[in-house]
Amino acid sequence: MGAVTPLSHPAALGPLPDLRPDLAAIAAMIEPGARVLDIGCEDGQLLQFLVRTKGVRGRGLELSQEGVNASVRRGLSVVQGDADRDLADYPDRAFDTVILSQTLQATRWPERVLAQLVRIGRRAIVSFPNFGYWKVRLSLLLAGRMPVTPTLPRSWYETENIHLCTIRDFVTLAERLDVKIERALTLDAQHRLQPIRSLRRANLFAQTGLFVLTKG
Amino acid sequence: MNASGATSATLLRLDSLPGHRLRLGPEAALPLDNGQRLAPLTLAYQTYGELNAARSNAILVCHALTTDQYVAEKHPIHGRPGWWSLMVGPGRPLDTDRFCIVCVNVLGGCLGTTGPRDLNPATGKPWALTFPVITIADMVRAQKAVVDHLGIERLLCVAGGSMGGMQALQWAASYPDRVVAALPIACSWRHTAQNIAFHEVGRQAIIADPDWCGGNYQLEGKSPKRGLAVARMTAHITYLSESALHRKFGRKLQDRQQLSYGFDADFQVESYLRYQGSSFVDRFDANSYLYITRAMDYFDLAAERGGNLAEVFRGTPVRFCLTSFTSDWLFPTAESKQIVRALNAAAADVSFVEIESDAGHDAFLLDEPEFFGTVHAFMNAVAAQNGLPTAELHNDPAAADPSQDRIS
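Same order as they appear, the protein sequences are chains W and R.
Residue numbers for the first sequence, in the numbering used here: -19 to 196.
Residue numbers for the second sequence, in the numbering used here: 3 to 410.
Hints in this document: simulated from the structure, not taken from any laboratory.
Computed from a predicted structure; not experimentally measured.
Built from N, CA and C at the ideal position, the CB exists for glycine as well.
There's no promise every hint is true.
Quick list of simulated restraints, FRET-style, between CB atoms [claimed, not checked]:
#	chain 1	residue 1	chain 2	residue 2	range
1	W	SER178	R	SER245	57 to 65 Å
2	R	ARG307	W	THR139	40 to 48 Å
3	R	LYS76	W	SER44	39 to 47 Å
4	R	ASP150	W	PRO175	55 to 63 Å
5	R	ALA393	W	HIS171	33 to 41 Å
6	W	TRP114	R	GLY93	55 to 63 Å
7	W	ARG117	R	ARG307	50 to 58 Å
Take a look, some chain W residues computed to stay more than 10 Å from chain R by CB distance [to be verified]:
#	residue
8	LEU(-4)
9	PRO(-3)
10	ASP2
11	ALA8
12	MET9
13	GLY13
14	TRP89
15	ALA123
16	ARG134
17	ALA154
18	LEU173
19	ARG180
20	THR194
Construct all of the structure, not just a fragment, from the sequences and the given hints.
If you want it as structure tokens, here you go:
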């Protein structure tokens, strides 16, 4: 722990691949040298980018064994675990930023997870697929079937997304939990971040919601 | 001064074992957890690779219950390759081209470090059961004497599986400022009731052997071979898994076409266990087995903190990487996860990987590419963070012996 030590031989730890655009949008919001926990870090792509380019003190939590192994192979500190159960183990304000990218909808207890996020992080960045997106609504309305879209690519019977919500649902939950929304954003199809000015419009036209939260 | 011919023959053979010796006199007596101070004391250790000028590239490998300091070379007694030849060597995860690997025969052991087989200078007789009961922390304290002797201010890493993993955890707990990283593998923070139970079966098998002679078999010129072999057979089962045993032996018969309707080794698995037992007694001392299993039983890292493991590691600067194996039922994944949970609560830097393997507890000694990849990546990250060179992993199966009836 202590101060961040720059990597002397970063190249030896493998090439730094291009960051997935939605992750790049999140990376742009992270301050250099911050303590970061990436929950559901998959193969560690975002964390590695943050460690290498911003010198963050990065930690990861990942459910899948393949993801954990891939992350450790990238030289990252990642443990196998799940957001529902294991966040309670971390002390208060252990991190400057806690990231939950495209994972909230796959948790068993989203409201407990949200409460944990703002407890263990000074701030939390949460992104999730917006179920209020017009194509989703239309698909349900016209076809009468659960939608399959680029952000929700799997059929209802095989998806890990068990708690889907709309942007409006999320805002309502945050209010109920007394979680403060510092920034409300959307991520458009070109992976650009846009501030939400009209909740009604965002809820209809955004595929992805992205919120910066703090403890209220 | 030697009490018998058998003793002198044993001592002669031990003195001729290759490797380094650190001898500590009464002025450097080792304080033990039981309150005694042990002196004089000999610590036998091996090194692989060169210590750099800054002495910053040392990795302490801690061996398991019945392995020893001959980590990565032909064993001087049984002649097989070192127990971690796949892990330690040039281009291997613990790379001897970049790191200096040190391994000390544990306190209470029987391959050069002082143990119950050695002579108690006060009596001129073997220590036997007058040897003090030792703990994992005592073993670590002894290792630290070697590390101090080598002038190593901070170990780059302490690595070990099974009892070696317990020692790695103990190092991090006892000397957090002397350890950069810890690699506890297939281990636990305290020995469980089930593990204590298996050890007790092994000890009782030794004690029940009439040739044990109340522990004084050296003076009597005897050796409790049958008891020690049974202890080994029992323990060996716990190192494997049902699926590994089935894959390897099934119900196949040994050198015969049909059942003998007797108590010969009809089945291959019986023959295998008998071989494991009988070959073990040639290289291990029965009293050492009692003492070292006891040390493992006594291990409970959180005992001094009222059972709160997180308190043990609060504020630790050590970087951890824990590994478990899916089919290990002796030190199952759940045990490692308890450590991870505590380290998270202590805001420690921790990685944890569970490796898919059907080889049981012994998987940490075998050719598990995913496991090697993890250790290699972790050591590269630790090396880079500490200004040491990183390297690619060389996967050269010919460089180490792949015949894998290994033992832990």
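State, for the Cβ atoms of LYS76(R) and SER44(W), whether the hinted interval 39 to 47 Å holds or is violated. 41 Å, holds
Beyond 10 Å on every Cβ pair: is that true for THR194(W) relative to chain R? 20 Å, holds
Outside-interface status for TRP89(W) - nearest CB in chain R farther than 10 Å: At roughly 18 Å from the nearest Cβ of chain R, TRP89(W) sits farther out than 10 Å, so the non-interface label holds.
Would you say PRO(-3)(W) is clear of chain R, with no C-beta pair closer than or equal to 10 Å? Given that every Cβ of chain R is farther than 10 Å from that of PRO(-3)(W), nearest at about 16 Å, it holds.
Pairwise beta carbon distance, ASP150(R) to PRO175(W), judged against the given window 55 to 63 Å: Holds, since ASP150(R) and PRO175(W) (Cβ atoms, about 60 Å apart) stay within the stated range.
Using Cβ atoms and 10 Å as the threshold, tell me whether ALA123(W) really stays out of contact range of chain R. 40 Å, holds
Verdict on MET9(W) as a residue remote from chain R, using beta-carbon distances over 10 Å: 23 Å, holds
Tell me if the beta carbons of ARG117(W) and ARG307(R) are separated by a distance inside 50 to 58 Å. 55 Å, holds
Just to be sure I understand the hint, the distance between the Cβ atoms of ARG307(R) and THR139(W) should be within 40 to 48 Å; is that true here? Distance hint for ARG307(R), THR139(W) holds at roughly 43 Å.
Beyond 10 Å from every chain R Cβ - status for ARG180(W): Given that every Cβ of chain R is farther than 10 Å from that of ARG180(W), nearest at about 41 Å, it holds.
Measuring Cβ to Cβ, find out whether ASP2(W) lies farther than 10 Å from everything in chain R. 25 Å, holds
Should the hint that TRP114(W) and GLY93(R) are 55 to 63 Å apart at their CB atoms be regarded as holding? 57 Å, holds
Violated hints are absent here; each numbered hint is respected by the structure.
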